[in-house]
Amino acid sequence: MTYMSYFYIVINILMLAYACYSWYWQAKVEFRGHYRASSIVWAVIFIWLGFTWNYIEKGDPGLNVFLALFLLISIVDGFSGFSPKRLVVSGYFKRTVKYEDIADITLINMPNQRKPLIVAIFRTKDNKSYMMRFRNQVNEVVPALQKYMGKNVSVEIQ
0 MTYMSYFYIV INILMLAYAC YSWYWQAKVE FRGHYRASSI VWAVIFIWLG FTWNYIEKGD
60 PGLNVFLALF LLISIVDGFS GFSPKRLVVS GYFKRTVKYE DIADITLINM PNQRKPLIVA
120 IFRTKDNKSY MMRFRNQVNE VVPALQKYMG KNVSVEIQ
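Under numbering that gives the first Met the number 0, the first residue of the sequence shown is numbered 0, with each subsequent residue one higher.
The hints are simulated quantities; they were obtained by calculation from the structure and are not laboratory data.
C-beta: ideal position from N, C-alpha, C; glycine also.
Warning: the hint list may mix true and false statements.
List of simulated lysine-lysine pairs, DSS-like, C-alpha gap at most 25 Å [unchecked claim]: (1) 124 x 150; (2) 114 x 146; (3) 93 x 127.
Per label pair, the in silico range of CB-to-CB distance [to be verified]: (4) 26 x 111: 42 to 50 Å; (5) 26 x 49: 26 to 34 Å; (6) 120 x 44: 22 to 30 Å; (7) 90 x 154: 17 to 25 Å; (8) 154 x 4: 45 to 53 Å; (9) 103 x 57: 17 to 25 Å; (10) 4 x 156: 53 to 61 Å.
Start from the sequences, fold in the hints, and give me the full structure.
Printed below as a string of structure tokens:
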């Protein structure tokens, strides 16, 4: 076995574990946020650049599994929302946020002629921010926030 074979075996196992973790939390979402399609777009761009700049070669063993897992992760990571125990956010590096870590929430009602759009910014106690979009009215999002976060988290509506 060559060095690249071992590399793909290890990276595929890690990606499979992360795909299962991400899929688990996506399945737990009860109040869904708007799907973030940019995760798929970025995955396709990275794959295209990898082939264009010869970082990825077509004959590498394990490449098909790697690309399939990469696309699967990109599709699953676009889902966000509220699960019973955690806030599920879109992204590769931080998938969930504990509700007790959230300090405050800002809701921004975006003007949209066709469908309602609410942008929610969640700030944690350690000054990190996470954004989520909802295709619901404000009067539907606020009760969901209170149900999952509790009434002690301040919600500012702009």
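Verification of the supplied hints:
1. 124 x 150: 16 Å, holds
2. 114 x 146: 24 Å, holds
3. 93 x 127: 11 Å, holds
4. 26 x 111: 42 to 50 Å: 29 Å Cβ-Cβ, so the 42 to 50 Å window is violated.
5. 26 x 49: 26 to 34 Å: For residue 26 and residue 49 the Cβ distance comes to about 30 Å; the hint holds.
6. 120 x 44: 22 to 30 Å: 26 Å, holds
7. 90 x 154: 17 to 25 Å: 22 Å, holds
8. 154 x 4: 45 to 53 Å: Distance hint for residue 154, residue 4 holds at roughly 52 Å.
9. 103 x 57: 17 to 25 Å: Between residue 103 and residue 57, where Cβ atoms are some 49 Å apart, the hint is violated.
10. 4 x 156: 53 to 61 Å: 55 Å Cβ-Cβ, so the 53 to 61 Å window holds.
Consistency note: the structure conflicts with the earlier hints numbered 4, 9.
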